[in-house]
Amino acid sequence: MLANYAFVGVFFVAAVIFPLIPIVAAYFLGPKRPTPTKLDTYECGLEAVGDIRVQFKVQYYLYALAFVIFDIEVVFLYPWAVAYGELGLFALIAMAVFLFSLVEALVYAWKKGALEWV
Amino acid sequence: MNTFITILFVVFAVYILVAAIMTVTVKNIVHAALWLISSFFTVGALYLLMEAEFIGVAQVLIYVGAVSILILFAIMLTRDLEGTQNRQMTPRWWIALIVPAALFGLLITPTVLTYQWQLPPPAPAGQSTPIAGAAQIGTAFVREYLLPFQVASVLLTVALIGAVVIAFEERERRRYVPTLAEKVRQQQRVRRPDPAASAMQSSETAGSET
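Quick mapping for you: the protein sequence lines, in order, are chains A and B.
Heads up: the first sequence begins at 146 in my numbering, then just goes up one per residue.
Heads up: the second sequence begins at 8 in my numbering, then just goes up one per residue.
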């Protein structure tokens, strides 16, 4: 089993190294002649004003919570999907019931307007 | 193979410790969150190293996915949290160090003193009982543990609906601020209560004049 995940590890190492190569190469190969204008924060060509960090509205927390709910749903869905080949129709019905109540919650949130962008 | 796994374990464990220390010492709170997420991820790798595949996947899904999102949202929604001039430690941090150190000592001492340092005998070939894989857990969901499985979905439903209800109660309790168009419409309604009634009135007055 570990051998299968060795490939994931190889991909991970490659994913770290691959973007590092151009960054390091640019650092060593590129000419550096900075001017104040070049070092300025670029924002649509305008001068940047104020702080980038702002306090977001608390309504956005609902999106985070909905994401967490459906993320946990995936945790349940994953072993079910792995075992599905040997389970048959009853498993399908069981998961349909499981999903139905979650879809119900999603429809409720949708109808209530919780998914509208504020 | 065994030494290779040991080396990997040491690398992961050292990284988890470094990331955890960085989490509590770094000044920028968003960087602290990123260090925490990377340590979550490495704990997932540690689970895979123990061949606990499903727990590793669940770790990545729940901690790296959901918990980190909640932490980042909490940072986003909070005012004045990311100031780098905020003080990181209280001056008497060493008092706080004593309590967890004592607790750790209390827990580790009996373990070290009474633990029998004997590995369980290796299972005879062909009879090994590995840690339950994802397929076994999935099978259990629709056989023995069908009811807890369905109750879990009810729990998730309640969590989402409850969050929506609480959020909207809060929103309705707040003072309603009408838009300009609604304000104008309200004022018009006060002046002329009903367009049909006013039309009748005007026709009556017109009739009485003639």
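Check before you lean on any hint, since a few could be wrong.
Which chain A residues face chain B? A few, computed with CB under 7 Å, are given here [as the list claims (entries may be wrong)]:
1. Phe156
2. Gln200
3. Leu210
4. Phe212
5. Ile214
6. Pro224
7. Val227
8. Phe243
9. Lys257
10. Ala259
No wet-lab data here; the hints were simulated from the structure.
Here the structure is a predicted model, which means the values were calculated and not measured.
For every residue, glycine included, the Cβ atom is placed at its ideal position computed from N, Cα and C.
Evaluation of the provided hints:
For A:Phe156, the suggested interface contact is broken, since its CB lies about 13 Å from the closest CB of chain B, more than 7 Å. The beta carbon of A:Gln200 comes within 4 Å of a beta carbon in chain B, closer than 7 Å, and the hint placing it at the interface holds. Hint on A:Leu210 holds. Least Cβ distance to chain B is approximately 5 Å, under the 7 Å limit. Interface restraint check: A:Phe212 against chain B, minimum CB-CB distance 6 Å, threshold 7 Å, status holds.
A distance limit of 7 Å between C-beta atoms decides the matter here; for A:Ile214 the minimum to chain B is near 5 Å, and the interface restraint holds. At about 3 Å, the closest approach between the beta carbon of A:Pro224 and any beta carbon in chain B falls short of 7 Å, and the interface hint on this residue holds. At a threshold of 7 Å, the smallest CB-CB gap from A:Val227 to chain B is about 4 Å, leaving the interface hint in force. Because the beta carbon of A:Phe243 sits about 4 Å from the nearest beta carbon in chain B, less than 7 Å, this interface hint is met.
The interface hint given for A:Lys257 is met, as the beta carbon of that residue sits about 5 Å from the closest beta carbon of chain B, less than 7 Å. Residue-level restraint check for A:Ala259 holds (minimum Cβ-Cβ distance to chain B is 5 Å; threshold 7 Å).
In the structure shown, a violation is registered for the earlier hint numbered 1 alone.
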